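Trainee: Here are the chains, one letter per residue:
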Amino acid sequence: MMQVQNKFKKKSNTLKFALVGNPNSGKTTLFNQLTGSTQYVGNWPGVTVEKKEGKAKFLGQVITILDLPGIYSLSPYSPEEVITRNSLLNDPPDVIINVVDSTNIERNLYLTTQISEFGIPIVLALNMIDIFRKRGDVVLLEELEQKFGVFVIPISASKSEGLKELISRAIYVSKQKNNTAFKNFYEADIGQTIEKIEKIISQAKNEKFGSARWSAVKIFEDDPLALKSVKLNEAQASKIASLKNSIKTSRNVDRQIMVADQRYKYICNACSKAIKRKCALETETFSDKIDKILTHRILALPIFLLFIFVIFNATFGQFGNFFKEKVEWFVNNPFALLFSDILDKTGASVWTKSLVLDGIIKGVGVAACFLPQIIILFSLLSLLEDSGYMSRCAFIMDKLLRKMGLSGRSFVPMLMGFGCTVPAVMSTRTIECEKTKLATIFVIPFMSCSAKMIIYSLMVPVFFNDNQPLIIFSLYLIGIAVAVLSAIILKNTVSKDTSSSFIMELPPYRMPTFKSLFIHVWERVKDFLKRAGTVLAGCSVVVWFLRSFDFNLQMVQDSQSSILAGVATFIAPIFTPCGFGNWRASVALMAGLAAKESVVSTMAVLYGAGDSVKLSEAICAAFSKASAFSFMTFVLLYTPCIAAVSAIRREFHNPKWTALAVCYQLLIAWVVSIMVFLIGNLFF
Amino acid sequence: MRTVNKLKPGESGIVLGIVSPEALKRRIIDMGITPGAVITVKKMAPFGDPIEICIRGYHLSIGKKEASKITVEKTENFLGEKVV
Numbered sequence: 001m002m003q004v005q006n007k008f009k010k011k012s013n014t015l016k017f018a019l020v021g022n023p024n025s026g027k028t029t030l031f032n033q034l035t036g037s038t039q040y041v042g043n044w045p046g047v048t049v050e051k052k053e054g055k056a057k058f059l060g061q062v063i064t065i066l067d068l069p070g071i072y073s074l075s076p077y078s079p080e081e082v083i084t085r086n087s088l089l090n091d092p093p094d095v096i097i098n099v100v101d102s103t104n105i106e107r108n109l110y111l112t113t114q115i116s117e118f119g120i121p122i123v124l125a126l127n128m129i130d131i132f133r134k135r136g137d138v139v140l141l142e143e144l145e146q147k148f149g150v151f152v153i154p155i156s157a158s159k160s161e162g163l164k165e166l167i168s169r170a171i172y173v174s175k176q177k178n179n180t181a182f183k184n185f186y187e188a189d190i191g192q193t194i195e196k197i198e199k200i201i202s203q204a205k206n207e208k209f210g211s212a213r214w215s216a217v218k219i220f221e222d223d224p225l226a227l228k229s230v231k232l233n234e235a236q237a238s239k240i241a242s243l244k245n246s247i248k249t250s251r252n253v254d255r256q257i258m259v260a261d262q263r264y265k266y267i268c269n270a271c272s273k274a275i276k277r278k279c280a281l282e283t284e285t286f287s288d289k290i291d292k293i294l295t296h297r298i299l300a301l302p303i304f305l306l307f308i309f310v311i312f313n314a315t316f317g318q319f320g321n322f323f324k325e326k327v328e329w330f331v332n333n334p335f336a337l338l339f340s341d342i343l344d345k346t347g348a349s350v351w352t353k354s355l356v357l358d359g360i361i362k363g364v365g366v367a368a369c370f371l372p373q374i375i376i377l378f379s380l381l382s383l384l385e386d387s388g389y390m391s392r393c394a395f396i397m398d399k400l401l402r403k404m405g406l407s408g409r410s411f412v413p414m415l416m417g418f419g420c421t422v423p424a425v426m427s428t429r430t431i432e433c434e435k436t437k438l439a440t441i442f443v444i445p446f447m448s449c450s451a452k453m454i455i456y457s458l459m460v461p462v463f464f465n466d467n468q469p470l471i472i473f474s475l476y477l478i479g480i481a482v483a484v485l486s487a488i489i490l491k492n493t494v495s496k497d498t499s500s501s502f503i504m505e506l507p508p509y510r511m512p513t514f515k516s517l518f519i520h521v522w523e524r525v526k527d528f529l530k531r532a533g534t535v536l537a538g539c540s541v542v543v544w545f546l547r548s549f550d551f552n553l554q555m556v557q558d559s560q561s562s563i564l565a566g567v568a569t570f571i572a573p574i575f576t577p578c579g580f581g582n583w584r585a586s587v588a589l590m591a592g593l594a595a596k597e598s599v600v601s602t603m604a605v606l607y608g609a610g611d612s613v614k615l616s617e618a619i620c621a622a623f624s625k626a627s628a629f630s631f632m633t634f635v636l637l638y639t640p641c642i643a644a645v646s647a648i649r650r651e652f653h654n655p656k657w658t659a660l661a662v663c664y665q666l667l668i669a670w671v672v673s674i675m676v677f678l679i680g681n682l683f684f
Numbered sequence: 001m002r003t004v005n006k007l008k009p010g011e012s013g014i015v016l017g018i019v020s021p022e023a024l025k026r027r028i029i030d031m032g033i034t035p036g037a038v039i040t041v042k043k044m045a046p047f048g049d050p051i052e053i054c055i056r057g058y059h060l061s062i063g064k065k066e067a068s069k070i071t072v073e074k075t076e077n078f079l080g081e082k083v084v
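Chains as they are written, first to last, in my numbering: chain W, 1 to 684; chain C, 1 to 84.
The hints are simulated quantities; they were obtained by calculation from the structure and are not laboratory data.
Possibly wrong hints are sitting among the right ones.
As the list claims (entries may be wrong) - Below 30 Å or equal to it, Euclidean Cα-Cα: the simulated BS3-like pairs (lysine-lysine) are:
{"#": "1", "chain 1": "C", "residue 1": "K42", "chain 2": "W", "residue 2": "K196"}
{"#": "2", "chain 1": "C", "residue 1": "K64", "chain 2": "W", "residue 2": "K52"}
{"#": "3", "chain 1": "W", "residue 1": "K403", "chain 2": "C", "residue 2": "K6"}
{"#": "4", "chain 1": "W", "residue 1": "K403", "chain 2": "W", "residue 2": "K491"}
{"#": "5", "chain 1": "W", "residue 1": "K51", "chain 2": "W", "residue 2": "K199"}
{"#": "6", "chain 1": "C", "residue 1": "K25", "chain 2": "W", "residue 2": "K199"}
{"#": "7", "chain 1": "W", "residue 1": "K55", "chain 2": "W", "residue 2": "K491"}
{"#": "8", "chain 1": "W", "residue 1": "K273", "chain 2": "C", "residue 2": "K74"}
{"#": "9", "chain 1": "W", "residue 1": "K491", "chain 2": "W", "residue 2": "K515"}
{"#": "10", "chain 1": "W", "residue 1": "K292", "chain 2": "W", "residue 2": "K16"}
{"#": "11", "chain 1": "W", "residue 1": "K526", "chain 2": "W", "residue 2": "K515"}
{"#": "12", "chain 1": "W", "residue 1": "K248", "chain 2": "C", "residue 2": "K65"}
{"#": "13", "chain 1": "W", "residue 1": "K177", "chain 2": "C", "residue 2": "K25"}
{"#": "14", "chain 1": "W", "residue 1": "K248", "chain 2": "C", "residue 2": "K25"}
{"#": "15", "chain 1": "W", "residue 1": "K614", "chain 2": "W", "residue 2": "K353"}
{"#": "16", "chain 1": "W", "residue 1": "K273", "chain 2": "W", "residue 2": "K208"}
{"#": "17", "chain 1": "C", "residue 1": "K65", "chain 2": "W", "residue 2": "K273"}
{"#": "18", "chain 1": "C", "residue 1": "K42", "chain 2": "W", "residue 2": "K265"}
{"#": "19", "chain 1": "W", "residue 1": "K159", "chain 2": "W", "residue 2": "K208"}
Claimed, not checked - Take a look, some chain C residues computed to stay more than 12 Å from chain W by CB distance:
{"#": "20", "residue": "L7"}
{"#": "21", "residue": "R27"}
{"#": "22", "residue": "K74"}
Note that this is a predicted model, so its numbers are computed, not measured.
Backbone N, C-alpha and C fix where the C-beta goes; we use that ideal spot for every residue, glycine too.
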């Protein structure tokens, strides 16, 4: 055994710990507990897609904590693996806190065997120990510590147990100098060969690849990245080649499989000694029982549709409407009256009063009325995520999505798209195949986001008295249909012959926690409030100004003669074939490019209607049934808000494609809404 | 020699080897599918693909195409014992 070389230099005095572990092992929960922050946690592999940094205080000492994307190995082939590996190489932490899910210990320890060879000191956090103990299982910590050569601290991140011990242990390890030794996970001949290669490599130039030990293992495996990073001279290379050839391989089992096999054998052996299980691993768990029904060959689909129906009905049915009306009353009565009073008392001028009441409060207030429905939709979607059902959805839908050139992994991002396009687009990073990822991003905006919902909630009750949820549902279906068609077009043109693989963990079902639900919903509400304070208020003020003054900057009585009417009348004819060629609709759509909520708030300002009852009346006069439906279709399909477009641009890494996607969205929205208008005229 | 995609739900096999291109092979072995490990096929998705397997005490869904890269020896009486 060789000593770990401390080849990573320390830069500053603050300690830095990195959380590394398998996906879904509870790293983010631990991160939140340690740093007091509120990062989103979900129960599906791949929630954390980028590294996050936070500060923890321990006995007066400030420690930087790094939350890295979950990985199964240090390979690095998937984007998460690349991020995590590069972070460890380029900005090495003082200590790696290896988070291991004790309820799935064998596979989790596989990563441990890899990072323990990487050359950075580690401490092992045996997470979810509460669930482990509840099952009646027992772990012999000393045995485990001895086998893997690291400190093992049982913790429960969600219950905040064992965290102090964990941090003090990590601090202790960070102060130790070069006294951890590499464990040998390999049988005699392989182990010796690797050690010999390691000796050769420690004399060669090693360009940021990790310790000599790690490089040796990787070179033994013929890893292309390792071969590139470690500069060997000819003598060294031929020596290593002959060493490698001394180990026999077969067609089925090459050296790569051999190394993995050795690691797993070592782990199995260690676990059989260190862990006393009450029941066999294969015993049917509660989670299995739930799965028997939820992913049943025949029942799975009807149950999925039922869930969607329930979510839908709760949001748009009586339940959601009840809360909407309460907020509406509050905004229009106590809130608006209060401001009107204040303005009267302070003796504000007519136009200031108009600005505040007709501009800001009307604009923002109308959008705020729909916040309860957004909260309901988001809560229900996050319940699906936290419980672990989302990954089952991917399992159920994979084949269907594959036919469209997508994959099962596209499903979670697409479903999240009904909540908000921005996180949905970001979560596509878990899709390994680049073409599939791009196709998924391309179709996500057609999944009607919760801000667009506000427009439906406003317009549908005005024109369609019966079957309100059904009409809204049909809009969602149009969105899905366009997404499917677009994906198929893409599959047959741009992304031909994609061969994305589908391998995805199905984590056990977990009871969603209130805290997690709260974090998720709060994120969305905060986002809304931020928009309300900036984009919505700003848009409302601009629209108010443009519709209240004419080109001579004189306040006008009738907005028909305002600046806005003058300009928008030029654009409006584009929408005449869609049925909404009036200038107010065009302005609302333009405002919607900033944020979808501002479609409604702009209409409120334009029609000078403070509450949604008055707004409804105005809309009723301006639209027909067919043109209202066509307008909603246009809103559903056209370019998403600025925030979403910039998220798309970030993930595309290509402005040209982003522009293409935006043009496509505008064109398809225009064409489909014309079709809807023509067909609608036949029916309504 | 059989491959995992040929196993019916409820059947188990001991992994013999993986024959597949580099990146996919890496992914498969990183998930704990290595020679000697026991795979139990739990069920098929409603549309027949992917399948759900149990490996090393956890559940994994894997496409049929990917499953066809894993060769196994079928076991008759599976009682949760690992063959190492």
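Trainee: Look at each hint and say if it fits the structure.
Mentor: The hints, checked one at a time:
Using a Cα cut-off of 30 Å, the hinted pair K42/C and K196/W is violated, with the two alpha carbons roughly 43 Å apart. For the proposed pair K64/C and K52/W, the alpha carbon gap of about 36 Å is over 30 Å, so the pair is violated. With a C-alpha separation of about 22 Å, the suggested pairing of K403/W with K6/C holds against the 30 Å cut-off. Annotation: proposed proximity of K403/W to K491/W holds, straight-line Cα distance about 9 Å (limit 30 Å).
With a C-alpha separation of about 34 Å, the suggested pairing of K51/W with K199/W is violated against the 30 Å cut-off. Of the pairs offered as hints, the one joining K25/C and K199/W holds, with about 28 Å between alpha carbons and a cut-off of 30 Å not exceeded. Distance hint between K55/W and K491/W is unfulfilled; the C-alpha atoms sit about 45 Å from each other, more than 30 Å. Restraint check for K273/W and K74/C: the C-alpha separation of about 28 Å stays at or below 30 Å, so the hint holds.
As the CA atoms of K491/W and K515/W are separated by approximately 41 Å, the hinted pair breaks the 30 Å bound. Between K292/W and K16/W the alpha-carbon distance is near 44 Å, which puts this suggested pair outside the 30 Å criterion. The straight-line distance between the Cα atoms of K526/W and K515/W is roughly 16 Å, inside the 30 Å bound, and the hint therefore holds. Of the supplied pair hints, the one linking K248/W and K65/C holds, its CA atoms being roughly 29 Å apart against a limit of 30 Å.
With a CA separation close to 38 Å, the supplied pair K177/W and K25/C exceeds the 30 Å bound. Distance check on the hinted pair: K248/W and K25/C sit about 19 Å apart at the alpha-carbon level, within 30 Å; holds. Between K614/W and K353/W the CA atoms are separated by roughly 19 Å; this keeps the pair inside 30 Å, and the hint holds. A hinted pair counts as satisfied when its Cα atoms are at most 30 Å apart, and K273/W with K208/W does not qualify at roughly 36 Å.
Simply put, K65/C and K273/W have alpha-carbon atoms about 37 Å apart, too far for the 30 Å limit, and the pair is violated. Distance hint between K42/C and K265/W is fulfilled; the C-alpha atoms sit about 24 Å from each other, no more than 30 Å. A hinted pair counts as satisfied when its Cα atoms are at most 30 Å apart, and K159/W with K208/W does not qualify at roughly 38 Å. Every Cβ of chain W is farther than 12 Å from the Cβ of L7/C; the closest lies at roughly 15 Å, confirming the non-interface assignment.
At the 12 Å boundary, the C-beta of R27/C falls inside the reach of chain W, the nearest C-beta of that chain being 6 Å off. For K74/C, the non-interface assignment is confirmed: its Cβ lies about 16 Å from the closest Cβ of chain W, beyond the 12 Å cut-off.
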